[in-house]
Amino acid sequence: MMNLLRKITHSFSYTFMILFRKSVKSLAIILSVATFAVLICLMEFTIQKQESLLSDMYEQFKINLVIMDKSASYADDLKMNRKYASVFMDKENILFENLDNLRIRSKGEENIVVTDEDGDYITSLNVIGLTYLPDQSEFNVSADIWQDYDNSMLMSNENVCIIPSGISSIGSYIYIKTEKIEESVEYLVIGTYEQEESIFFCPYLNYDESIAVSSNNIYSIESDISNTRAINDIGIFLLRYFIEPSIAGVTPVGTNDLGLMYAFSFVIPKGNLEEAIDPIKADIKKLQILEPFIFVFSAAIGFVISMLSIKNRKAEFAVMRSMGASGGYVFYISFVEQAILCIIGTMLGTLISWIVFNQLSPTQINKIAIFITCYLFGTAIEAIRIACIKVMKIMKANE
Amino acid sequence: MLDMSILQLDKVSYEYRNKHQAVKAVNEFSYEFNQGLFYAITGKSGSGKTTLLSLMVGLDVPTEGIIKYEGTDLKEMNMDKYRRDCVSLIYQDFNLFPLLAVLENVMYPLKLKGQKTSECKMLAMEKLKMVGLDESYYKRYPSMLSGGEQQRVAIARALVTGSSILLADEPTGNLDTENGNNIVSILKDLAHNNKFCVIVVTHDLDIASVADKTLSLRDGRLIP
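Those sequence lines, one after another, are chains A and B.
For the first sequence, numbering that gives the first Met the number 0 gives the first residue as 0, with consecutive numbering after it.
For the second sequence, numbering that gives the first Met the number 0 gives the first residue as 0, with consecutive numbering after it.
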């Protein structure tokens, strides 16, 4: 037991002594490994910076999606079947989560009758279904909205409404009848306006499902694209229902997924975005093409350095074998020595990278780990070869 | 002087394949080596001298025949242990560890066996003294020594393990005549006065002429 302990201590002390005494070579290997580690971190850092820049660009650009008639002349008064609007309200498709501030407005041809709780007539109003709160510039109204409600409410199918202030107050209920609704239905008043307009504003979905009679009742569809990264996917999806502006005006052939003729086009003015992101994307692509080469090159160099370092000391290990050192001992001595240099080198390189770049991402750590693995793999291969050497052959070759 | 058989080779053959054919480097070699004698094995290049040496030192295993150390078949022994305890090898180009000082080089085989540092140091100093190297050499590195001095260190390193067989492959090959003669006389002295079985593989006929027994090899066979 003591003997074994002494053998282990001896192999450790021998390894460190050799590393210390061939300090210039050890330092050269440590610095080479450190350089590769820095290089790997630098590549990863540059790519990450470029991707972050790209991400910022995507977030900063606000792109508006507009649905137009097929001649691409005007976005309003689409005379569009409301089935088209359902494409935008469907939570299952790509548009719902990637569009922001969706502005669908019904044309407002339907009239409703407002009654009190007992069914007595109060007034008659024109209905407009919206996915957003009405504003002064579009509807000539300036509504006070109940504090618990916001824009998102108008994306729902709740029985809520915004009406002229003279009819009822915020938080109260009114009752309406329409051509489609025979018995009075209760609506919560969530907003009122002072202006002399006679419009009953309700959520677009609620209008579409409960009130609308006409099939051609979409006035306009517009939205901001919140996730401009998905711009191409959004475009591809929209092609199932609309035609591209470039071919707008040409009579479409066939029907779309809704079973309707292509009658409308969509416009995504993404020119400025592409102009801004294309050079960054090209840079990232170049770096991504270059990165595996640099990585493989670094790993290969690490592999070769470790192999050569052991190979150069072949005679020394052969002598150890001839003195009775076991194959395992020779493997251990040669492997541990290189592993120590590799780990010190990579730690140094990683530390330098961390100080300089002020970051150390999991990807960088993973790649450094792969680099270490390659290095140690090269070491292990040569260490196994050395452990199995024909001692006399090497001795004769050296003479 | 008591001659005692320590290494017996019985119809030992060693065959290997090169690119074109099977080559029998050693062919039915039989001999008994005794303690206290200085042997020279001579032969032309390719006669099988070095292969025979590597078989005796346990670095290769014969394809046929038996090698026995003190009556025990080497196949039944742990080869690493055999090389650590029973046999030592001296090379033509010394093969000292370049990054270890003289004393550390000599201590190394003992450390490999797991002996205490103090014991290793004492034994190493004793063996260095035996080959004529004093304290002033202890901390020198091999590169600071002459060829003759390096070979003395190599002999001290071979002696320190306490093995009873010393095998030397052209030990004077890289030395001038004077240093070569000194080394030969040290080896001869070890055989005669310290009961080592010294086996030297050599081209040098001068060594053969001073050996107690000279064995000649041709095509792997012992020439009678």
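To be clear, the hints were calculated from the coordinates, so they are not data collected in a lab.
Being a predicted model, the structure only gives us computed values, none of them experimental.
Even for Gly, the Cβ is constructed at its ideal location relative to N, Cα and C.
There may be inaccurate statements among the hints.
Result set (SDA-like, lysine to any residue): computed pairs, CA atoms no more than 20 Å apart in a straight line [to be verified]:
hint : chain 1 : residue 1 : chain 2 : residue 2
1    : A       : K392      : B       : H202
2    : A       : K389      : B       : N77
3    : B       : K80       : A       : C387
4    : B       : K120      : A       : K392
5    : A       : K389      : B       : Y15
6    : A       : K392      : B       : E14
7    : B       : K67       : B       : G131
8    : B       : K120      : A       : I7
9    : A       : K6        : B       : Y15
If you want the ones that stay clear, here's a sample from chain B, every Cβ over 10 Å from chain A, calculated [unchecked claim]:
hint : residue
10   : Y30
11   : T49
12   : K74
13   : P97
14   : L98
15   : P108
16   : N192
Tested hints:
A hinted pair counts as satisfied when its Cα atoms are at most 20 Å apart, and A:K392 with B:H202 qualifies at roughly 18 Å. Proposed proximity of A:K389 and B:N77 is supported: the alpha carbons are some 17 Å apart, at most 20 Å. Under the criterion of a C-alpha separation no larger than 20 Å, the hint pairing B:K80 with A:C387 is consistent with the structure, at around 17 Å. Distance check on the hinted pair: B:K120 and A:K392 sit about 32 Å apart at the alpha-carbon level, beyond 20 Å; violated.
Distance hint between A:K389 and B:Y15 is fulfilled; the C-alpha atoms sit about 13 Å from each other, no more than 20 Å. For the hint pairing A:K392 with B:E14, the CA-to-CA distance comes to about 15 Å; that is within 20 Å, so the pair holds. Proximity of B:K67 to B:G131 is assessed by CA-CA distance (about 33 Å); at most 20 Å being required, the pair is judged violated. A distance of roughly 18 Å separates the Cα atoms of B:K120 and A:I7; the hinted pair therefore holds under the 20 Å criterion.
Restraint check: the Cα-Cα separation between A:K6 and B:Y15 comes to about 35 Å, which exceeds 20 Å; the hinted pair is violated. B:Y30, annotated as away from the interface, keeps every beta carbon of chain A farther than 10 Å; the closest lies near 19 Å. Distance check on B:T49: its Cβ comes as close as 6 Å (rounded) to a Cβ of chain A, failing to clear the 10 Å threshold; non-interface status is violated. The non-interface label for B:K74 is consistent with chain A: the shortest C-beta to C-beta separation is roughly 17 Å, beyond 10 Å.
Not every beta carbon of chain A lies more than 10 Å from that of B:P97, the smallest distance being close to 8 Å; the non-interface claim is violated. Chain A draws B:L98 into its interface by the beta-carbon criterion, the shortest separation being 4 Å against a cut-off of 10 Å. Remark: the non-interface label on B:P108 conflicts with the geometry, its nearest Cβ contact in chain A lying 5 Å away (cut-off 10 Å). Against chain A, the non-interface label of B:N192 holds: every CB pair exceeds 10 Å, the least being about 24 Å.
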